[in-house]
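J.: Below, each chain spelled out in residue letters.
2 protein chains.
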Amino acid sequence: MILVTVMYPAGARFDVDYYLSKHMQLVRDRWMPHGLKSTQVVKGLRKADGGAPDYQMAALLTFESLEAFKAAGKAHGKEIFADIPKFTDAQASVQINEVLSQ
Amino acid sequence: MILVTVMYPAGARFDVDYYLSKHMQLVRDRWMPHGLKSTQVVKGLRKADGGAPDYQMAALLTFESLEAFKAAGKAHGKEIFADIPKFTDAQASVQINEVLSQ
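Those protein sequence lines, which keep their order, are chains A and B.
Just so we're aligned, residue 1 is where the first sequence starts under my numbering, counting upward by one.
Just so we're aligned, residue 1001 is where the second sequence starts under my numbering, counting upward by one.
With the rest of the complex left out, here is chain A (with noise of 0.2 Å):
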């Protein structure tokens, strides 16, 4: 299993009502025939020693293989990527991660 993470940094516009009911329903609707078994959207709040968080928000998706998330960026990445500038400006980070425990 392979959990992508897709983190927003802070400091950036974030729409967050356009993000949860049109852009992640986007994603779902199109990686879910794809591979993508779940996904969890996470807000940052602070820094566990009391900072600024790091990242205002996240999406943790989860899907069966490398080999499948490879194949849903290629059938509809373009146009999930281009969804992105109408909830936010900020630079996504996105790292691939194999799941080693649940």
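Please keep in mind that the hints were generated in silico from the structure rather than gathered at the bench.
One or more of the hints may lead you astray.
Straight-line Cα separation of at most 25 Å, SDA-like style, residue types lysine to any residue; simulated pairs [unchecked claim]: (1) A:Lys47 with B:Val1099; (2) B:Lys1022 with B:Ser1101; (3) A:Lys47 with B:Ile1080.
Not everything, but these chain A residues come out facing chain B in the computed CB check (under 7 Å) [unchecked claim]: (4) Gln40; (5) Val41; (6) Gly50; (7) Pro53; (8) Ile84; (9) Ile96; (10) Asn97; (11) Glu98; (12) Val99; (13) Gln102.
Computed from a prediction, not measured in an experiment: that's the story for all the values here.
Ideal Cβ positions, reconstructed from N, Cα and C, are used throughout, including at glycine.
With the hints as your guide, set chain B onto chain A.
T.: For chain B alone, coordinates are given in the frame of chain A:
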């Protein structure tokens, strides 16, 4: 619900065996009685653009509430943090997040 993300930057020593078998077991043993609901460990593979991952390893800790996490940290944080040098020299970045959607 709260997701605490503990992310270990790439480029430092990291003993994966100790981390998974000893450290994460300690985290679960101490914090599950304090509202830790689940844990997930992921290993950074690469950035989506093909670059090296920012984080070599991350733990995602779901707590039932912010109050539970604070109480857990107060009760056992010292013991858990003291265990970190046994498996890594990396300075973990710990962020507290609110779960907006599953």
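J.: Going through the earlier hints one by one, which of them does the structure break, listed in rising order?
T.: 2, 6 and 8
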